[in-house]
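Student: Listed here are the chains, written in short residue letters.
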Amino acid sequence: MTVLTTPASAVRLARQGRPIGEHIFRITLLSSLIIALGFLAMLLIYVVQEGWPRLDSTLWESMPSIRRPETAGVQSGIFGTLWIIGLTALMALPTGVLAAVYLEEYADKTKWYNKLIELNISNLAAVPSIVYGILGLGIIARWLDFGFTVMTGAITVSLLVLPIVIISAREAIRAVPPSIREGSLALGATQWQTIYRQVLPSAIPGIATGSILALSRAIGEAAPFLMLGAATLVRFNPEGVWSSFTVLPLQIYSFISQSREEFHILASAAIVVLLAILLLMNSVAIWLRNRFQKRW
Amino acid sequence: MPNLAVRGTEAPKNAEALDPVFTVSGLSVFYGDYEAVRGVDMNIGNREITAMIGPSGCGKSTVLRCFNRMNDLIPGARAVGKIAYHGEDLYGAHVDPIEVRRRIGMVFQKPNPFPKSIYDNIAYGPRVNGMKGKMDDVVEEALTKAALWDEVKDKIKQNALSLSGGQQQRLCIARAIAVKPEVILMDEPCSALDPIATTKIEDLMQELTREYTIVIVTHNMQQAARVSDRTAFFTAEVDEAGVRHGRLVEFDETSRIFTNPSDKRTEDYITGRFG
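Chains as they are written, first to last, in my numbering: chain A, 1 to 296; chain B, 1001 to 1275.
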């Protein structure tokens, strides 16, 4: 006699109850996220609250002062920051992208000198910014005698962000499928035509995103400018690359160092401006990434 | 030219193509110190379809990529022996690989259209080669020859990636045709396509032999039997030192390879006893 029913032990799809470790793991992940976001939110709320009384048009219409906090602004700092970032972008982005093209498309990765270059770029990205300040002071400001000008600041910051630009551009170039290069070369295109007309256009969204994030980092830097012996009280906007200047982080630093409470409020307001510029740049980066992202 | 004394194959009889486009003699391909393919001799007939079949890792794609010097792009790869293109050594010192690739087009295993419009995909080759003439006509002619024009003429400015896999592959064939090559190399062009798209490509290949010489690598023996005039059977063999090399076993007219092969290994492979 044969029994044609499935034995009860064979099918067990009912929920057995998740192991406790599974829950603990989920909670740990979630709380890590909450800690990160929570601190960011606290920071933002604190700064906005603190700086609220001074978040008015005087802030960006007036020049800084260490005597009259009620009418002092940070206009020279805003313009200084924009000058530095603009000039840095002009210098660091083309250099960084071309260096990345060399490393990805031309360099023979088995050669020792190319390995050395790669290793050093990764190391350079980790060098503290104050070290670049020393370099800027010693070589650019003093030895080349560029003084404390927009040019000196921009060159110093360019050197600072260059490794980051190179690394992110390399990643974007590497993400372009090799089949695109093969397809182009098989049609009789030269290597440069392939890079210029296929690889770079496909990599541009990635390069742009990485570059903006690198520049965002530069915007927040105070250390290299401190090292350069920057003036903290500049009552005029830069008029050119050979003009002296200040930048927002440095301005904030100088306000904080004052003893009067009004300056601390002013500093918080300036921090809000700095954060706003940063968030704006990051949003552009995210927009670019979503808008032009390629799917193969 | 180094003398390659070791040859595992007897020269096939009646396999000599008249008026060969390529004459391959004693070709070995190295990746660094590793000899991937050893001692290949074969002629590629003009306006014929030559199929290269064999199990994975037998070196058929490697040999194919020597015909337009795509192997140059792999660091450490080098070809020893001789490949003559209309009598001229393809690997001669004065030969420009860019010019070689312009005359000898290639279609790859996975369709690889550029992330641009259909039009720009076709126009790319002529543009980088500095061709003169009305680009619209060039594009239409290439797409027509690749039997794709009727399907895409209304959406020529659309992104090529919106086409189906089979259409993308025909676009890649059209793209190769647009630079007016003499030879089209195809590296398993149908392996990523469904049977209907495969049939279309096979019909297209027959059509193209009026003007072009085609060399195709395929895993699909039926495909080789259906489309090709001559078939080269490759296999991988282990030499005395225990190293695997790709070898050309037999090269003959397709009908003979599939009905009356002269080598036992070919027979085993095509009857499905091996590979």
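Since the hints were made in silico from the structure, they are not lab data.
Beta carbons are placed, not taken as given, at the ideal position from N, Cα and C, and that holds for glycine.
It cannot be assumed that every hint is accurate.
Stated by the list, open to error - Have a look at the derived ranges for each label pair, beta carbon to beta carbon:
{"no.": "1", "chain 1": "A", "residue 1": "Arg174", "chain 2": "B", "residue 2": "Trp1149", "range": "50 to 60 Å"}
{"no.": "2", "chain 1": "B", "residue 1": "Trp1149", "chain 2": "A", "residue 2": "Glu171", "range": "49 to 59 Å"}
{"no.": "3", "chain 1": "A", "residue 1": "Arg174", "chain 2": "B", "residue 2": "Glu1151", "range": "31 to 41 Å"}
{"no.": "4", "chain 1": "A", "residue 1": "Gln191", "chain 2": "B", "residue 2": "Pro1195", "range": "47 to 57 Å"}
{"no.": "5", "chain 1": "B", "residue 1": "Pro1195", "chain 2": "A", "residue 2": "Leu280", "range": "46 to 56 Å"}
{"no.": "6", "chain 1": "B", "residue 1": "Thr1144", "chain 2": "A", "residue 2": "Leu40", "range": "53 to 63 Å"}
{"no.": "7", "chain 1": "A", "residue 1": "Glu118", "chain 2": "B", "residue 2": "Gly1165", "range": "33 to 43 Å"}
{"no.": "8", "chain 1": "A", "residue 1": "Trp60", "chain 2": "B", "residue 2": "Glu1151", "range": "27 to 37 Å"}
{"no.": "9", "chain 1": "A", "residue 1": "Lys109", "chain 2": "B", "residue 2": "Asp1136", "range": "41 to 51 Å"}
{"no.": "10", "chain 1": "B", "residue 1": "Gly1165", "chain 2": "A", "residue 2": "Ile286", "range": "45 to 55 Å"}
{"no.": "11", "chain 1": "A", "residue 1": "Leu37", "chain 2": "B", "residue 2": "Gly1165", "range": "37 to 47 Å"}
{"no.": "12", "chain 1": "B", "residue 1": "Asp1154", "chain 2": "A", "residue 2": "Pro178", "range": "27 to 37 Å"}
{"no.": "13", "chain 1": "A", "residue 1": "Glu171", "chain 2": "B", "residue 2": "Gly1272", "range": "28 to 38 Å"}
{"no.": "14", "chain 1": "A", "residue 1": "Ser57", "chain 2": "B", "residue 2": "Asp1136", "range": "55 to 65 Å"}
As the list claims (entries may be wrong) - Derived SDA-like pairs (lysine to any residue); straight-line CA-CA distance at most 20 Å:
{"no.": "15", "chain 1": "A", "residue 1": "Lys109", "chain 2": "B", "residue 2": "Lys1082"}
{"no.": "16", "chain 1": "B", "residue 1": "Lys1132", "chain 2": "B", "residue 2": "Lys1180"}
{"no.": "17", "chain 1": "A", "residue 1": "Lys109", "chain 2": "B", "residue 2": "Asp1072"}
{"no.": "18", "chain 1": "A", "residue 1": "Lys111", "chain 2": "B", "residue 2": "Gly1076"}
{"no.": "19", "chain 1": "B", "residue 1": "Lys1110", "chain 2": "A", "residue 2": "Lys109"}
{"no.": "20", "chain 1": "B", "residue 1": "Lys1134", "chain 2": "B", "residue 2": "Lys1157"}
{"no.": "21", "chain 1": "B", "residue 1": "Lys1157", "chain 2": "A", "residue 2": "Glu105"}
{"no.": "22", "chain 1": "B", "residue 1": "Lys1116", "chain 2": "B", "residue 2": "Arg1103"}
{"no.": "23", "chain 1": "B", "residue 1": "Lys1180", "chain 2": "A", "residue 2": "Glu182"}
{"no.": "24", "chain 1": "B", "residue 1": "Lys1110", "chain 2": "A", "residue 2": "Arg181"}
{"no.": "25", "chain 1": "B", "residue 1": "Lys1264", "chain 2": "B", "residue 2": "Val1238"}
{"no.": "26", "chain 1": "B", "residue 1": "Lys1153", "chain 2": "B", "residue 2": "Asn1129"}
{"no.": "27", "chain 1": "B", "residue 1": "Lys1082", "chain 2": "B", "residue 2": "Lys1145"}
{"no.": "28", "chain 1": "B", "residue 1": "Lys1145", "chain 2": "B", "residue 2": "Met1221"}
{"no.": "29", "chain 1": "B", "residue 1": "Lys1110", "chain 2": "A", "residue 2": "Ser179"}
{"no.": "30", "chain 1": "B", "residue 1": "Lys1116", "chain 2": "A", "residue 2": "Lys111"}
{"no.": "31", "chain 1": "B", "residue 1": "Lys1157", "chain 2": "A", "residue 2": "Glu182"}
{"no.": "32", "chain 1": "A", "residue 1": "Lys111", "chain 2": "B", "residue 2": "Arg1078"}
{"no.": "33", "chain 1": "B", "residue 1": "Lys1110", "chain 2": "A", "residue 2": "Lys111"}
{"no.": "34", "chain 1": "A", "residue 1": "Lys111", "chain 2": "B", "residue 2": "Gly1032"}
{"no.": "35", "chain 1": "B", "residue 1": "Lys1116", "chain 2": "A", "residue 2": "Lys109"}
{"no.": "36", "chain 1": "B", "residue 1": "Lys1264", "chain 2": "B", "residue 2": "Glu1211"}
{"no.": "37", "chain 1": "A", "residue 1": "Lys109", "chain 2": "B", "residue 2": "Arg1210"}
{"no.": "38", "chain 1": "B", "residue 1": "Lys1116", "chain 2": "A", "residue 2": "Ile204"}
{"no.": "39", "chain 1": "A", "residue 1": "Lys109", "chain 2": "A", "residue 2": "Pro177"}
{"no.": "40", "chain 1": "A", "residue 1": "Lys115", "chain 2": "A", "residue 2": "Glu105"}
Student: Each hint needs a verdict: does it hold in this structure or not?
Tutor: Hint-by-hint comparison with the structure:
no., hint, in the structure
1, Arg174/A <-> Trp1149/B: 50 to 60 Å, "violated, 36 Å"
2, Trp1149/B <-> Glu171/A: 49 to 59 Å, "violated, 39 Å"
3, Arg174/A <-> Glu1151/B: 31 to 41 Å, "holds, 34 Å"
4, Gln191/A <-> Pro1195/B: 47 to 57 Å, "violated, 38 Å"
5, Pro1195/B <-> Leu280/A: 46 to 56 Å, "holds, 54 Å"
6, Thr1144/B <-> Leu40/A: 53 to 63 Å, "holds, 59 Å"
7, Glu118/A <-> Gly1165/B: 33 to 43 Å, "holds, 37 Å"
8, Trp60/A <-> Glu1151/B: 27 to 37 Å, "violated, 58 Å"
9, Lys109/A <-> Asp1136/B: 41 to 51 Å, "holds, 43 Å"
10, Gly1165/B <-> Ile286/A: 45 to 55 Å, "violated, 32 Å"
11, Leu37/A <-> Gly1165/B: 37 to 47 Å, "holds, 43 Å"
12, Asp1154/B <-> Pro178/A: 27 to 37 Å, "holds, 32 Å"
13, Glu171/A <-> Gly1272/B: 28 to 38 Å, "violated, 46 Å"
14, Ser57/A <-> Asp1136/B: 55 to 65 Å, "holds, 57 Å"
15, Lys109/A <-> Lys1082/B, "violated, 29 Å"
16, Lys1132/B <-> Lys1180/B, "holds, 13 Å"
17, Lys109/A <-> Asp1072/B, "holds, 16 Å"
18, Lys111/A <-> Gly1076/B, "holds, 12 Å"
19, Lys1110/B <-> Lys109/A, "violated, 27 Å"
20, Lys1134/B <-> Lys1157/B, "holds, 17 Å"
21, Lys1157/B <-> Glu105/A, "violated, 30 Å"
22, Lys1116/B <-> Arg1103/B, "violated, 24 Å"
23, Lys1180/B <-> Glu182/A, "holds, 18 Å"
24, Lys1110/B <-> Arg181/A, "holds, 13 Å"
25, Lys1264/B <-> Val1238/B, "holds, 17 Å"
26, Lys1153/B <-> Asn1129/B, "violated, 24 Å"
27, Lys1082/B <-> Lys1145/B, "violated, 33 Å"
28, Lys1145/B <-> Met1221/B, "violated, 26 Å"
29, Lys1110/B <-> Ser179/A, "holds, 8 Å"
30, Lys1116/B <-> Lys111/A, "violated, 35 Å"
31, Lys1157/B <-> Glu182/A, "violated, 23 Å"
32, Lys111/A <-> Arg1078/B, "holds, 18 Å"
33, Lys1110/B <-> Lys111/A, "violated, 31 Å"
34, Lys111/A <-> Gly1032/B, "holds, 14 Å"
35, Lys1116/B <-> Lys109/A, "violated, 30 Å"
36, Lys1264/B <-> Glu1211/B, "violated, 35 Å"
37, Lys109/A <-> Arg1210/B, "violated, 44 Å"
38, Lys1116/B <-> Ile204/A, "holds, 14 Å"
39, Lys109/A <-> Pro177/A, "holds, 18 Å"
40, Lys115/A <-> Glu105/A, "holds, 14 Å"
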